[in-house]
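According to the numbering used here, the sequence shown is numbered sequentially starting from 10.
By construction, these hints were calculated from the structure, which means they are not laboratory data.
Straight-line C-alpha distance at most 30 Å; calculated DSBU-like pairs for lysine-lysine:
(1) Lys82 x Lys54
(2) Lys54 x Lys90
(3) Lys466 x Lys132
(4) Lys243 x Lys289
(5) Lys281 x Lys480
(6) Lys501 x Lys216
(7) Lys499 x Lys466
(8) Lys319 x Lys442
(9) Lys107 x Lys132
(10) Lys423 x Lys466
(11) Lys221 x Lys500
(12) Lys281 x Lys319
(13) Lys480 x Lys499
(14) Lys82 x Lys500
(15) Lys319 x Lys466
(16) Lys298 x Lys221
(17) Lys82 x Lys107
(18) Lys466 x Lys509
(19) Lys297 x Lys221
(20) Lys132 x Lys54
(21) Lys480 x Lys501
(22) Lys442 x Lys289
Each pair of labels, with its calculated beta carbon distance range:
(23) His363 x Glu158: 43 to 49 Å
(24) Thr449 x Thr20: 43 to 49 Å
(25) Leu169 x Gln245: 31 to 37 Å
Since this is a predicted model, take the numbers as computed values, not measurements.
Just so it is clear, CB atoms sit at the ideal spot from N, CA and C, and this is done for glycine as well.
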Amino acid sequence: MPNPGVEGPGTEFFLHTANAWMKTLTEQPSRILEQQVNFWGETLKNYAGAQMGMARGRLVVPENEADEGATDKRFSNALWKSHPYFSFVRKQYLINAKAIQDAVGDLDLSDEVARRRVDWLTKQVIDMMSPTNFLATNPDALERAVATEGESLVKGLENLVRDVEMNGGEMVVSLADRDAFTVGENIGTSEGAVVHRTPMLELLQYKPATDKVHALPLLIFPPWINKFYILDLKPQNSLIRWLVEQGHSVFVVSWKNPDSSYAEVGMEEYVKSYLDVIGKVLEQTGQKKLNAVGYCIAGTTLSLTLSLMKQRGMDQVASATFFTTLTDFSDQGEFVSFLQDDFVNGIAEEVERHGLMRAQLMSRTMSFLRANDLVWGPAIRSYMMGEAPPAFDLLFWNGDSTNLPGKMALQYLKGLCQQNAFAGEGFELLGHKLHLSDVTIPLCSVACESDHIAPWKDCWRGVAQMGSRDKTFILSESGHIAGIVNPPSKKKYGHYIGGKGFADGYQSWRESSSFSDGSWWPHWGEWLASRAGQMIAARDPGTGLEPAPGSYVHERAI
10 MPNPGVEGPG TEFFLHTANA WMKTLTEQPS RILEQQVNFW GETLKNYAGA QMGMARGRLV
70 VPENEADEGA TDKRFSNALW KSHPYFSFVR KQYLINAKAI QDAVGDLDLS DEVARRRVDW
130 LTKQVIDMMS PTNFLATNPD ALERAVATEG ESLVKGLENL VRDVEMNGGE MVVSLADRDA
190 FTVGENIGTS EGAVVHRTPM LELLQYKPAT DKVHALPLLI FPPWINKFYI LDLKPQNSLI
250 RWLVEQGHSV FVVSWKNPDS SYAEVGMEEY VKSYLDVIGK VLEQTGQKKL NAVGYCIAGT
310 TLSLTLSLMK QRGMDQVASA TFFTTLTDFS DQGEFVSFLQ DDFVNGIAEE VERHGLMRAQ
370 LMSRTMSFLR ANDLVWGPAI RSYMMGEAPP AFDLLFWNGD STNLPGKMAL QYLKGLCQQN
430 AFAGEGFELL GHKLHLSDVT IPLCSVACES DHIAPWKDCW RGVAQMGSRD KTFILSESGH
490 IAGIVNPPSK KKYGHYIGGK GFADGYQSWR ESSSFSDGSW WPHWGEWLAS RAGQMIAARD
550 PGTGLEPAPG SYVHERAI
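Build out the structure end to end from the sequences listed, making use of the hints.
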């Protein structure tokens, strides 16, 4: 049976919102009446205009309405403006949406969390009810059906059945062609070998591309939400390949995709794995120190590990780089709706039932942060237009999700996100109380300007609280993935660097920084090279246990 705790907000949320509306109705009835009068006035005006257009056989759009919704790509078809029926539907949808937003905006809610949750859920309802999501009110789908004599609808039904069968009875739209790519063949092809394997991970060492390499090896911890080959999609946008070409001995962790037997694996096991891998890389290279990189949740865990190492007197990490990493969760951003007790308790029920936070739930949660782009838009193209999913490497990777061990997921959600313990009173782990201020080694943080998963100002705030005196912050244009996978050859997104430190807040840093065209990779490459030691003879990983990308990367979530 479905778990209501992860299907929508709890009863308390709806009661709280209803009480706020009743309070407004009781104390300010004129406001409610004004909203209703405005709504019905606009509705009748729209209806009369549509009737007049139908009678004349053509539609004349008033000048003050000509650009309304013009930037909304859902309504790019010319019929939304020129045809009386579709124009009426579009205009009424916009009227309805505004009326709902106005009504919600006037609610006297108790706190900012309630406000953000109501606004978010309201947006979800408005997006869901878009006329483009229904066949009878989508001119693109109707035109395609006529042009193909109904074949597009047949193909759309086949696509729908395929997705339902592929996802165990749930409708989850495919974002990419799953048969278009094979990891190790046409993506994730950088040469290397698996040099270490545990039940938690495989350690990959990449073949050098230069005769000389920096003495200190570079160890990359990718997130275990999705898979490591986001850093090695194609040769032209592979960060791993680029780093090898810059003369680094590159090691990358490929995490195990857990099943229910990993239910009791917690943050402790991940931090222990970090320590184990650091030791293996140093053993493999004969060095006393290395440079480390952590991406997203792996950066958060790298911070925890560095705090633990500081308290234990361990100094094997010379510098750390964080990609889109949150360590201070005082502002939960767009995730605020998913980090309240009703949803987290629903996840706890999922964990009790399956031992995991399943990949399907994680993917769905992420997708609804950008529902029009990742849910409704793809569903329209697949199910109503009958289009095959695109052969797009980034979307293929996005759909290659991973499960999260149940214990680890709840520790992360409750201890780090909800309680914000690492930036507050301390996160208890392995007999230590870990604090952000314990991170004292040289560090560089790369955040992305339009990142909705790890907002840059929140990444900045965490770095500001770290104890290091040697901090560099780079702000890339674009989002969580495109801002990181941004090779110099593309010359697509620029970046900001060189702000005036961390004393006066993120906005002051942003205003004092300077903008550079193109990728941030070369700037970071210079920073990293200055901390990577002298040049020595290149290290060849040999054959290892098996060739890269290894075995764990091929395991798909069930």
